[in-house]
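> Chains H and R supply the protein sequences, listed in that same order.
Following the working numbering, the numbering of the first sequence begins with 1 at its first residue and continues without gaps.
Following the working numbering, the numbering of the second sequence begins with 119 at its first residue and continues without gaps.
Source of the hints: derived by calculation from the structure; they are not laboratory data.
Don't take each hint at face value.
[What the hints assert, rightly or not] Here are some, though not all, of the chain R residues that point toward chain H, as calculated from beta-carbon distances under 8 Å:
(1) Y151
(2) P157
(3) G160
(4) L163
(5) G176
(6) V206
(7) Y218
(8) G219
(9) F222
(10) S224
[Stated by the list, open to error] Derived DSSO-like pairs: lysine-lysine, alpha-carbon spacing no greater than 30 Å straight-line:
(11) H:K110 - H:K70
(12) R:K175 - R:K162
(13) H:K96 - H:K55
(14) H:K96 - H:K70
(15) R:K162 - R:K132
(16) R:K162 - R:K127
(17) H:K70 - H:K55
(18) R:K132 - R:K175
(19) R:K162 - H:K110
(20) H:K110 - H:K55
(21) H:K55 - R:K127
(22) H:K55 - H:K73
(23) H:K73 - R:K127
(24) H:K110 - H:K78
(25) H:K55 - H:K78
(26) R:K162 - H:K96
(27) H:K96 - H:K73
(28) R:K175 - H:K110
(29) R:K127 - R:K175
(30) H:K110 - R:K132
(31) H:K110 - H:K73
(32) H:K78 - H:K96
(33) H:K110 - H:K96
(34) H:K73 - R:K162
(35) H:K78 - R:K175
(36) R:K175 - H:K96
(37) R:K175 - H:K73
(38) R:K162 - H:K70
Yeah, the Cβ is synthetic: ideal placement off N, Cα and C, and Gly gets one too.
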Amino acid sequence: AQTVTQSQPEMSVQEAETVTLSCTYDTSESNYYLFWYKQPPSRQMILVIRQEAYKQQNATENRFSVNFQKAAKSFSLKISDSQLGDTAMYFCAFMKHHSGGGADGLTFGKGTHLIIQP
Amino acid sequence: NAGVTQTPKFRILKIGQSMTLQCTQDMNHNYMYWYRQDPGMGLKLIYYSVGAGITDKGEVPNGYNVSRSTTEDFPLRLELAAPSQTSVYFCASSYGGGYYGYTFGSGTRLTVV
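Just chain H, with the same shape it has in the complex (with noise of 0.2 Å):
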């Protein structure tokens, strides 16, 4: 089975700072794809970014981009130039990819919550 691990519970950061959320995985298998997702106080699960583990390079999505160690099973989110908008709790997750089609959901971390400050 997977493990997902954010060992921050909270962080705050001042607007227009660059902050980084943390995350580690367990897995034994080799083809995976990790995810970031924003769930602010309207309780929405909304979809940061995603990373696919055969790719060495980086996923980013304008001011969000990730730090990917495969080795490592490291999987780290980096904001840019923090907006109030930022404001949220953010979940790491993990998918390990099935050949023959199928899935069987994602695993989630427990969260970070990002509070920005004005």
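For this one, chain H is given, so just place chain R on it according to the hints.
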């Protein structure tokens, strides 16, 4: 474009009561999922479905049942509510195995007293 719609948004149940959480999606996704989120925890998979007529257990299926008679609908049934089922429930859907991410509903907050 509604996406994934969950009803109700809030519900209070008494111990031993039953209820069905409704979930419908209009994106023609073949995969659908039910998760629960307890305070301070990530989401845990209850049940999932890879298509109409096919369902399978996730990590925490005890106390729940599901059915998938159509592509659009994936209701979650609680037969004998217990306080341990107090949680926020999320329905999600994806095209294929969800390798490009899921679309989540807005959640149902359920309290069992």
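> Does each hint fit the structure? Answer for all of them.
Going down the list of hints, with the structure as the test:
Among the interface hints, the one on R:Y151 holds; its C-beta lies about 6 Å from the nearest C-beta in chain H, closer than the 8 Å criterion. A cut of 8 Å between beta carbons decides the hint on R:P157: the least distance to chain H is about 10 Å, and the hint is violated. Satisfaction of the interface hint for R:G160 is found here, the shortest Cβ-Cβ separation to chain H being roughly 3 Å, below the 8 Å cut-off. The restraint placing R:L163 at the interface with chain H holds, with a minimum CB-CB distance near 4 Å, inside the 8 Å limit.
Interface hint at R:G176: satisfied, since its Cβ lies 6 Å from the closest Cβ of chain H, which is below the 8 Å cut-off. A distance limit of 8 Å between C-beta atoms decides the matter here; for R:V206 the minimum to chain H is near 7 Å, and the interface restraint holds. Taking 8 Å as the C-beta contact cut-off toward chain H, the hint placing R:Y218 at the interface holds, the least distance being around 7 Å. At about 4 Å, the closest approach between the beta carbon of R:G219 and any beta carbon in chain H falls short of 8 Å, and the interface hint on this residue holds.
For R:F222, the suggested interface contact is upheld, since its CB lies about 4 Å from the closest CB of chain H, less than 8 Å. The interface hint given for R:S224 is met, as the beta carbon of that residue sits about 5 Å from the closest beta carbon of chain H, less than 8 Å. With a C-alpha separation of about 21 Å, the suggested pair H:K110 and H:K70 falls inside the 30 Å cut-off, and the hint holds. The straight-line distance between the Cα atoms of R:K175 and R:K162 is roughly 11 Å, inside the 30 Å bound, and the hint therefore holds.
Between H:K96 and H:K55, the direct Cα distance comes to roughly 14 Å. Compliance with the 30 Å bound is thereby established for this hinted pair. The hinted pair formed by H:K96 and H:K70 meets the criterion: a straight-line CA distance of about 14 Å does not exceed 30 Å. The suggested pairing of R:K162 with R:K132 holds, with an alpha-carbon distance near 23 Å, which does not exceed 30 Å. For a cut-off of 30 Å, the pair hint linking R:K162 to R:K127 stands: about 19 Å separates their Cα positions.
For a cut-off of 30 Å, the pair hint linking H:K70 to H:K55 stands: about 10 Å separates their Cα positions. For the hint pairing R:K132 with R:K175, the CA-to-CA distance comes to about 25 Å; that is within 30 Å, so the pair holds. The suggested pairing of R:K162 with H:K110 holds, with an alpha-carbon distance near 10 Å, which does not exceed 30 Å. Straight-line distance between C-alpha atoms of H:K110 and H:K55 comes to about 26 Å, which keeps the hinted pair within the 30 Å bound.
Restraint check for H:K55 and R:K127: not satisfied, since their Cα atoms lie roughly 39 Å apart, outside the 30 Å limit. As the CA atoms of H:K55 and H:K73 are separated by approximately 14 Å, the hinted pair is consistent with the 30 Å bound. Note on H:K73 and R:K127: the hinted pairing is violated, with a Cα-Cα distance of about 37 Å set against a maximum of 30 Å. About 18 Å separates the Cα atoms of H:K110 and H:K78, which keeps this hinted pair within 30 Å; it holds.
Pair hint H:K55 plus H:K78 holds up; C-alpha atoms about 18 Å apart against a cutoff of 30 Å. Taken as a hint, the R:K162 and H:K96 pair is honoured in the structure, with Cα atoms around 15 Å apart against an allowance of 30 Å. With a C-alpha separation of about 14 Å, the suggested pairing of H:K96 with H:K73 holds against the 30 Å cut-off. A threshold of 30 Å between alpha carbons decides the hint, and for R:K175 with H:K110 the separation of about 21 Å falls inside it, so the pair holds.
Distance hint between R:K127 and R:K175 is fulfilled; the C-alpha atoms sit about 24 Å from each other, no more than 30 Å. This hinted pair checks out: H:K110 and R:K132 have alpha carbons roughly 28 Å apart, not beyond 30 Å. The suggested pairing of H:K110 with H:K73 holds, with an alpha-carbon distance near 17 Å, which does not exceed 30 Å. Distance restraint check for H:K78 and H:K96: the Cα-Cα separation of roughly 23 Å lies within the 30 Å cut-off, and the hinted pair is therefore satisfied.
Between H:K110 and H:K96 the alpha-carbon distance is near 18 Å, which keeps this suggested pair within the 30 Å criterion. Annotation: proposed proximity of H:K73 to R:K162 holds, straight-line Cα distance about 21 Å (limit 30 Å). For the given pair, H:K78 sits about 34 Å from R:K175 by alpha-carbon distance, which is inconsistent with the 30 Å threshold. Proximity of R:K175 to H:K96 is assessed by CA-CA distance (about 17 Å); at most 30 Å being required, the pair is judged to hold.
Taking the CA atoms of R:K175 and H:K73, the gap is near 27 Å; set against the 30 Å cutoff, the hint holds. Under the criterion of a C-alpha separation no larger than 30 Å, the hint pairing R:K162 with H:K70 is consistent with the structure, at around 24 Å.
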